[in-house]
Amino acid sequence: MRTSPLGGPGSGQRVAIIDGVRTPFAKAGTLLKHLGVIELGKLAVSELIHRTDLDPASVDLLTFGTVIPSVLAPNPAREIALMPLLPKGVQAWTVSRACASANQAITDAADQILLGHATVAIAGGAESLSNVPILHSRGFSDALVAASRAKTPIQRVQSLAAIRPKDLIPVTPAIAEPTTGETMGQSAEKMAKLNGITREAQDALALASHHGAAQGTADGRLTAEILPIFPERGSRTPITADNGIRADTTAAQLAKLSPVFDRAYGTVTAGNASPLTDGGAAVLLMREDVAKAAGLTPKAYIRSYAYAALDPGEQLLQAPVLAAPLALRRAGLTLDQIALVEMHEAFAAQVLSNLQGFESQRWAERAGESKPLGAVDRAKLNVMGGSVAIGHPFGATGARVTTTLVNELARRNGQFGLMTVCAAGGLGFAMVLERA
Amino acid sequence: MTELTALSLSVEDGIAVLTFDLPGESVNKFSPSVIEEFTGYLALLEQDQAVRGAVLISGKPGTFIAGADIDQFLAFRSADDAAQASAFGHTMMRRIETGRIPLVVAVEGACLGGGLEFALAAAYRLAADTPKTVFSLPEIKLGLIPGAGGTQRLPRRIGVQAALDMILTGKNVRAKKAKQLGLIDEIVHPSILREVAIRRARELAEGKIPRARETRRRTTMSRALDDTAVGRAIVLRQARQLAMKKSGGNYPAIPAAIDAVRAAFAGSESAGYATEARLFGQLAMSPVCKELMFLFYATTALKKDAGVPEGTVAAKVDRIGVVGSGFMGAGIAAVSAQQGIPVRFKDTALERVAAGLASVRDVLREGLTRKHITRREYEDRVGLVSGTASYTGFGRIPLVIEAVFEDLGVKHIVVRELEQVLPADAVLATNTSTIPIARIAEASARPARVIGMHFFSPVHKMPLLEVVVTPKTAPEVTATAVEFGRRIGKTVIVVNDAPGFYVNRILAPYIAEAGRLLDEGVRVEAIDRAMRAFGFPVGPFTLIDEVGLDIAGKSGAIMAEAFGDRIRSSEALARVVAAGRLGRKGGKGFYGYDEKGKRTGVDSAVYALYPGGARKTELSAHAIQQRLVLAMVNEAVRCLADGVVRSPRDGDIGAVFGIGFPPFRGGPFRYIDSTGAGEIVSRLEALAATHGGPYVPSDFLTTHARASRTFYPPTGKPV
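Protein chains in written order, with this note's numbering: chain R, 1 to 436; chain A, 1 to 719.
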């Protein structure tokens, strides 16, 4: 009998992850700046379909995560699904759960499969921080709206005349918590202080992230997940790898960087935080039996997942500490049974805070557990680096982490893998995968 | 009466709606019986005072009227016969134009030739807003001019300039453009076409819309050129100069069309129509018209013949693989994407794929530049081509076309690699121009699935595709390749596997003899000029420069090896190739090219390479033409005798669409028929006495000539 809580009573069928693929991740304003969320999503989905030899006609749904909304295409998932490779009847929706948006897309798709509403689903996410919408100020918008409603040319001129010079300054969305007004960086800084995370520890984690990612790039494990981009503009050199990974970075170089969010007493620097990034990623999910009937070999099955939340004013990025025990309990597993842990690295300070939380009795009790999860074996953690080195396109990261975990679990012949993702709003996500 | 009729009538509140739906045909065509039926209805309606207006609408979705049924043209015995048919058309159009009942045409789909002439005579032209709704006068493509008043009414409606553009090119004009030109009155959504047509007919009947009215928007320029005698004279003169230059004076319909348009403004209306009828009559009996009609029938017949036993089912091709991202591979990928077919595009290194994708985008961008497609459509098409340097994504592909380097070893590696990843029933097509398919198939574990698809460069422009079958090729594999070729818009002939297949095989002696002429001291430009005058789009040396001397040299060597003394080596050609002059791509070949790639004339350095030095031999254009054409024609007959081509029809289509053999001469086999096989044999024998090999007439041809046979029936439908 299958024990997977996600199997559902009587269904006996698991949700299989067939494969995942992503674009290279590029620092915002660099190699991928000409591609928007929809283009990045299309590239990832198209390559996923080709690589898996999937019959596009079998796809039931597509769901994609993104964080910065597009005003012109409010449901980018549908725009992606309307690529000519897919039939027009693939229903699609866009989800947003901050940095766990792609995870939300994946769990939505998995839920649809378990509910019996779908058997083949594409889930993923994309973000283009090179293409953030720039907004007009309130005053400018008011004047434009008034002008469009004007009945006479004179009224129109009068409406426009109300514009003041300060109204012309555009508004860019900041990555700040609406409830606390804290930026993400300030939150990470606060967490470092609360949890006593040193600058050295953060820099060491960042260094490990870069070296792990560089190793994965050099030996091809990481690049195997990446589709080549053939730029239409500028250089014609194919883009085949992430451009934020620094193989040659050293502890000394990282130590030289100044703190960004608290210049006097801070420890969070550009070197130990994830950069603003463009990229897209997609994962193919299928009901186990349907995959096998189609001749597709699953790489892994979803064993369990969990979301959790806490007060954003407390420790904004600490909710994975609440989600992970829940996911493991739902999976019927303990941390020592986990072969690999992939933890999204928004900030090194956040990763170290989360790891500390895993070992804390206080956090265990908050999570409703009698004892802590325990210490994560660092040799099993983010073995090909993480978001600090690879980059973090908000909407895409969850699918990137899923793909890496699935592939590396297979390579290492491990049975179970755990992933966690922290997200704005005090949200946390955890998922347990089982190698096929 | 139980006879099926083309028209059906319903009268709604004083407006007669005639629905045209020709039984047993996919499109509506005008034939004498249809015209009789129509005029019968017209007479009936004219007498019925309750009927105040009429609408003509098509009962066939997506097509209005495709023009006259050209079968009737075959029955013309003299120019007078044809002129009378034209005059008959004039009478009917005049009746529509001046009758009591105003007629509205409601056009959805193609409105061509006689269909457009009919629409021009109507009182109101309403068009549906669909991409298939196009207007054209394609008569010129058959060596004719519009014969039912088109050359008279069109310039009066849209001006001389726009009318000549349509009449001389036969091109399609979409509804939106037709509205801009003033060709039509209004565009509406197809779902309300009939309803609005009836309303407009009523408004015409009530005088709310005047029957005679201008639909053209005039600009200062159009006023000066279209609306004054001097302006029109300038336009007509320039049109003639340009058209004669482009056509080389080989197409009498071009000057005739210009003369007919001139007559529309020169004297009385009836004199104009009389001129049109007279010129139409002359053209209908011309050899050019006869050959162009033949090509029309031949290509139509070919479309119904996939070269496989009846009932063979082609595999469904929902995506393709292309291996090799060179110019050919990129061209194949681009035309497939244009038809909405996903392509997995593979080469050994991503840098090569990137270069190939850049060419794919260049081809696709042409559509964007010409505004045939939107930015969105362009991006969709580009998105259909996904590049890879590994064989991922080939596991479900039903058809792969390899277009890698022309090297048997490389091709063998690719075949073996592909068979590791492809589904067992996939079709493995090889795009080669020189290597026999059977040789390539030697590396295959499933040779029945291997076939040749010989595309011509540039793929997106060249209309022909040779599908090359080996004795082992399975019929459904052939059917799949043919079906796919047609889907991407190619004219497809199925040929048997032999060196050079068909097209390159008949080209080889032609090129070789052109080289021999150089050896004899004939100048490059004299040869190119003579062959252009014969009707080829370019001369042989221009062709070689475009193809590339390296490729031409390699191909020539293979053909010489296969066909011995029929492909004679040319010292001059060899020397130019050996001098490393690569042709256009290398910036120099027989001609020189400037930095922008513009040709600057024959490079005199070439003459220093001649075996005879700068010695010059003058040879008449006629002598040059016969030397080259007869070498080609003789080889074409051998191809038929050897079973390389299945029929003279395929041989003619292959030569016209693959090489540019003058369409107005029909092709090599039509050329033999029109010249006389006996005459061809004696010309060949005369040339063989001096030049041997390529001119020795094949046994097949001499037997054919001795029996006074022709390749095609001399009367009636040619194919």
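Calculated from the structure, these hints are not laboratory results. Worth double-checking, as some hints may not be accurate.
To be verified - Simulated coverage check for chain A against chain R, where a stretch passes if three residues somewhere in it have a Cβ under 8 Å from a Cβ of chain R: (1) 137–148; (2) 338–347; (3) 381–395.
Claimed, not checked - As a list, the in silico DSS-like pairs of lysine-lysine whose alpha-carbon atoms are at most 27 Å apart: (4) A/K717 - A/K171; (5) A/K316 - A/K141; (6) R/K88 - A/K316; (7) A/K316 - R/K292; (8) R/K88 - A/K132; (9) R/K88 - A/K171; (10) A/K371 - A/K472.
What the hints assert, rightly or not - Which chain A residues stay away from chain R? Per the calculated CB distances, all over 12 Å, these: (11) K246; (12) G321; (13) P423; (14) R568; (15) A608.
By construction, the Cβ of each residue, glycine as well, lies at the ideal position given by its N, Cα and C atoms.
Annotated coverage of the stretch 338–347 of chain A by chain R, confirmed only when three residues or more have a Cβ within 8 Å: Since three or more residues must qualify, the claim that chain R covers the stretch 338–347 of chain A holds, with 3 doing so at under 8 Å.
Hinted pair A/K316 and R/K292, Cα distance within 27 Å: 23 Å, holds
Three or more residues of the stretch 381–395 of chain A near chain R by CB distance under 8 Å? Held - the stretch 381–395 of chain A has 12 residues with a Cβ nearer than 8 Å to chain R, which meets the minimum of three.
Just double-check A/P423 for me: nearest Cβ-Cβ distance to chain R has to come out over 12 Å. Not fine: 9 Å to the nearest Cβ puts A/P423 too close to chain R.
Regarding the pair R/K88 and A/K171, is the alpha-carbon distance no greater than 27 Å? Roughly 33 Å separates the two Cα atoms, so the pair is violated.
Is the Cβ of A/K246 farther than 12 Å from every Cβ of chain R? The claim holds: A/K246 sits with its nearest Cβ about 35 Å from chain R, beyond 12 Å.
Given the hint that A/K717 pairs with A/K171, does the C-alpha gap stay at or below 27 Å? With Cα atoms ~26 Å apart, A/K717 and A/K171 stay inside 27 Å; holds.
Run the distance test for R/K88 versus A/K132: straight-line Cα separation, threshold 27 Å. 22 Å, holds
Take the C-alpha atoms of R/K88 and A/K316, compute the straight-line distance between them, and say whether it is at most 27 Å. Between R/K88 and A/K316 the Cα gap is close to 19 Å, so the pair holds against 27 Å.
For A/K316 and A/K141, compute the direct alpha-carbon distance and say whether it is at most 27 Å. 34 Å, violated
Pair hint outcome, A/K371 versus A/K472 [Cα-Cα no greater than 27 Å]: This hinted pair is violated, its Cα atoms lying about 45 Å apart.
Is it the case that A/A608 keeps its Cβ farther than 12 Å from each residue Cβ in chain R? 39 Å, holds
Checked against the numbered hints given earlier, the structure breaks hints 1, 5, 9, 10, 12 and 13 and satisfies all the rest.
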